[in-house]
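**Q** Quick note, the sequences are listed as chains A and B, same order.
Read in our numbering, the first sequence has 14 at position 14, and its numbers run on one by one without any break.
Read in our numbering, the second sequence has 261 at position 261, and its numbers run on one by one without any break.
Careful: at least some of the hints might be erroneous.
Derived lysine to any residue pairs resembling SDA-like cross-links, with alpha carbons at most 20 Å apart [as the list claims (entries may be wrong)]:
id, chain 1, residue 1, chain 2, residue 2
1, B, K723, B, P417
2, B, K33, A, L77
3, B, K33, A, S78
4, B, K33, A, L93
5, A, K142, B, R14
6, B, K416, B, E375
What follows is a set of in silico ranges between Cβ atoms, one per label pair, in the way DEER data are often shown [unchecked claim]:
id, chain 1, residue 1, chain 2, residue 2, range
7, B, N572, A, E145, 38 to 44 Å
8, B, K734, A, R75, 47 to 53 Å
9, B, R564, A, R130, 54 to 60 Å
10, A, D144, B, A196, 42 to 48 Å
11, A, D144, B, G423, 49 to 55 Å
Derived by calculation from the structure, the hints in this document are not laboratory data.
Beta carbons: idealized from backbone N, C-alpha and C, even for Gly.
Chain by chain, the residues run as shown.
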Amino acid sequence: MPDDVGSRESAGRAAGGPSRRQVLGRGALLGAATVGAGVAAQAEAARAATAPPVREETLAAEPVEISLRVNGRERTLSVEPRTTLLDALRERLGLTGTKKGCDQGACGACTVLVDGRRVNSCLTLAVMRRDAEITTIEGLAKGDELHPVQRAFLECDAFQCGYCTSGQIMSAAALIEEGHAGSPGEVREWMSGNICRCGAYPNIVAAVRQAAGGGAR
Amino acid sequence: MSAVGQPLARVEGRLKVTGAARYTADLPQDDGKDLVHAVAVCATVAKGRITSIDARQARAAGGVLELITHRNAPRLRPVPAQEVFGPAHETLLVLQDDRVHYSGQPVAVVVADTLENATHAASLVRVEYAAERPVATLFEGIDDAFDSPRHAPPATVGDADRGLAEAAVVIDRTYTTPAQHHHPMETMATTVRWTAEEVTVHVSTQTISMIRDGLATTFGLRPEQVRVVSEFLGGGFGGKGAWCWPSVVTAMAARLTGRQVRLVTTRRQMFAATGQRPHSVQRVRLGARRDGVLTAIAQDCVGDTSAFYDTPPFFIGAATPVPYAAPNIRTTQRFVRVNCQTPVPMRSPVEGVGLVSIESAMDELAAELGVDPLELRRRNYAERDPNSGLPWSSNGLLECYERGARRFGWPERNPKPRSMRDGRYLVGWGMATAVRHAGSDPTSALVRLGADGRAVVQIGSQDLGTGTFTIMTQVAADALGVPVAMMRAELGDTDLPNGGGSFGSHTAASVAAAARLAGEALRAKVIRIAVADDGSPLSGASPDDVLVDDGYLFVRGDRSRGERYAQILRRNRLQAVDATGEHTPPPREGATVARWAFGADFTEVKVDPELGTVRVTRHVKAIEAGRIINPRTARSQVIGGVVMGIGQALTEATEVDRRDARITNASFWGYHVPVNADVPDIDAIFVERDDPHIPGSVKGLGEIATIGTAPAIANAVFHATGKRVRDLPITPDKLL
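Taking the hints into account, I'd like the entire structure generated from these sequences.
**A** Listed below in structure tokens is the structure:
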């Protein structure tokens, strides 16, 4: 998986948000505050617990009001520090197009764009993404006009059940922007962070190539 | 123009690419204001008794509304398999006593106002066990293997022992296949609202009617008090076909709290939520003459079943159908009780597992005799079903061999193992035969035509993602005689006419047959109205002489004498007209023909001799499944089936610690399903056949798409390396 969790996280930091260690460090000081934020976050918390205490602003275990810029709209919501970006989108903002497939950063179903970079939204906390520009599947089309990747997925039948499709499309849109759709082999590698259990991979490759303007093969 | 046979794009496709398709966990009932969340606490031992549950901390945690254990759970009534339609298999009694039968069994359920609070509180529940020594795998219990003739009767033709004694060559080999989990991308989700009037259930299931009947039985309700909805399913592969605990405990929580409760199993919990493909050991003996003609096939299988269910499920380990003309056949199945969940079907519980050994052994026989593997199979082609002796309803297997081999380039194969190379990679070509029983289930459909000329077809079936919405639309549109744009499909609700389960490769055949009958009945009904209507140009015509094209009804031979559906309805002041269709499958008892789908897999692998890594580099699958309703969705289904076969061959196994019977790789990090980079171009060929014994000639694709792929890959690995791996999956360590 070339676009692994590590590189996605560093992308998040580059975008100017607080690091996961900072946020989780606070959470760890508050005992249980990170429980429920996903397995990987818990593992991170365990590591953070051995790090020196962070003396910055203190986040309480109770909900805090944050604003997120989602699909071009400013959204104010109340989340606990342990709430993942994925759960905030789905459970608080009603944006259920982004899916939970594993909650462990292993399947890519929850992929969204944070400041243009693809991120597993189950592995990042909502409070870490304050004021970031977040794009979900609901924000990809321009009104009734589908994004070229959405259109290509339809035309190439690049899905069956559709559950992983939001994440596949968000990854595809980003990797085309990144210039990683130059050949079928490159697309296969760069799309390997998104599992499709229906096995639509060959059609996904065709769709990404078509949307990238590189022909179906 | 007929819509059936056309590559119509998925009718629900736009909803899926925009994120608008609502799956169970996306869907609050009504406004969702009273929605609360349940999280299961699962056993950390595989066998024993619960000695104490300390829930004080959990109950005191923020937002907790209810905590259910065996001490306060509602009492359940058993759900024997025969009481619910579909592969319900367990007398599933959840949270009813202190016994633990498998690791991951639910021992408590926490309900809280938010998912975070419920997850946190669940982590605070302290459970103590008096652990006992579990049977971790079938190898630990193989000396206690037992027969279950009621559920897995042996298949016997002739005398296999005599056939083996008479053979010039005997291949005697033992193969093992691992437990596997289905892992649909959507984990098992349930939302239940329980009121005095009705229990409303949104659930990820392959059989809404089974969940309705099961919940009604276990909670002592009437089926009509339970409504089950499942509009969009995020895959299933057999894993959402069976009666399972997540739905039961969610209903308990809804009943106790009076709130709308949602429970979404975690990915980790999916390793003990909905059952698994059984672990198996398969001994195969093939007897043959020097020219390769088989004299006998004997297959003796042992599979695991759960320790707590007294009878193995009927659909597991039924005798493997033998796809070759052997005069002497014996296939048997025995079981070992293991501390695991009860096995469930996974993309053919029978052929998908049992043909791994037979197809591998055929390859070993070919190598032994120096006969081409494809030629060996041709020499043993069965003119009739070897198991029942009945003639085939139709059989395109030879054409699958021929067209698949030609597309693949099979004649160029150098028969010698390790003879083909691509740089430092060893290249191997392998093939296998696939067969799958073609059946269907009792299914009802309703088609309603409105005065605006638009129609809807309704069936209480489910769309796993395979294209059921789309093929229903195509078949019903043709039957009524309207364009597909004027037909809409509705499914996934027990308020709709009763449909069967989406499993066993039955859905397309069942749904298409019922939709066609309903559409034709509605067409006949409107024609009767028109010919009796003085105001209609069709007045007085014989109903048999009225044709329909594109929503326009006219008299045979005079296209000018006609009118549209909408005109007939409006003139007769009818808001809508509807008609139903009932599909009743032919009984298997007393059948005069054998109904099967056929396939042939051809595959190329490249093996790194230093690392032992195997990559599938191309794959051709030819399938005869009767008539294809939609070649576009069918092709996707076959590609996906091959991908799952790649996982079965190379990466997928649920690993169990033999000391404590706990699953050691319970995540996508540990359980490797194929990803994009693992999958090559896959070529699907459809050999189409009319089958006079099957409505619409629809045989179903779901399982034949996967069957055959894993043994073909195993055979290709042998051809590449000269090493025969008889223990799936073929991981690098087994090749070094």
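**Q** All hints are to be evaluated individually against the structure, with a verdict given for each.
**A** Going through the hints against the structure:
For the hint linking K723/B to P417/B, the alpha-carbon distance of about 9 Å falls within 20 Å, and the restraint holds. As the CA atoms of K33/B and L77/A are separated by approximately 16 Å, the hinted pair is consistent with the 20 Å bound. Between K33/B and S78/A, the direct Cα distance comes to roughly 16 Å. Compliance with the 20 Å bound is thereby established for this hinted pair. Distance check on the hinted pair: K33/B and L93/A sit about 13 Å apart at the alpha-carbon level, within 20 Å; holds.
Between K142/A and R14/B, the direct Cα distance comes to roughly 14 Å. Compliance with the 20 Å bound is thereby established for this hinted pair. Among the hinted pairs, K416/B with E375/B is consistent with the structure: their alpha-carbon atoms are about 15 Å apart, no more than 20 Å. At about 42 Å, the beta-carbon gap between N572/B and E145/A stays in the expected band of 38 to 44 Å. The beta-carbon spacing between K734/B and R75/A, approximately 52 Å, falls within the hinted interval of 47 to 53 Å.
Distance hint check: the CB atoms of R564/B and R130/A are about 59 Å apart, consistent with the given range 54 to 60 Å. Between D144/A and A196/B the CB atoms are about 44 Å apart, so this pair conforms to the stated range of 42 to 48 Å. For D144/A and G423/B, the Cβ-Cβ distance of about 50 Å falls inside the hinted range of 49 to 55 Å, so the restraint holds.
In summary, the structure agrees with every hint in the numbered list given earlier.
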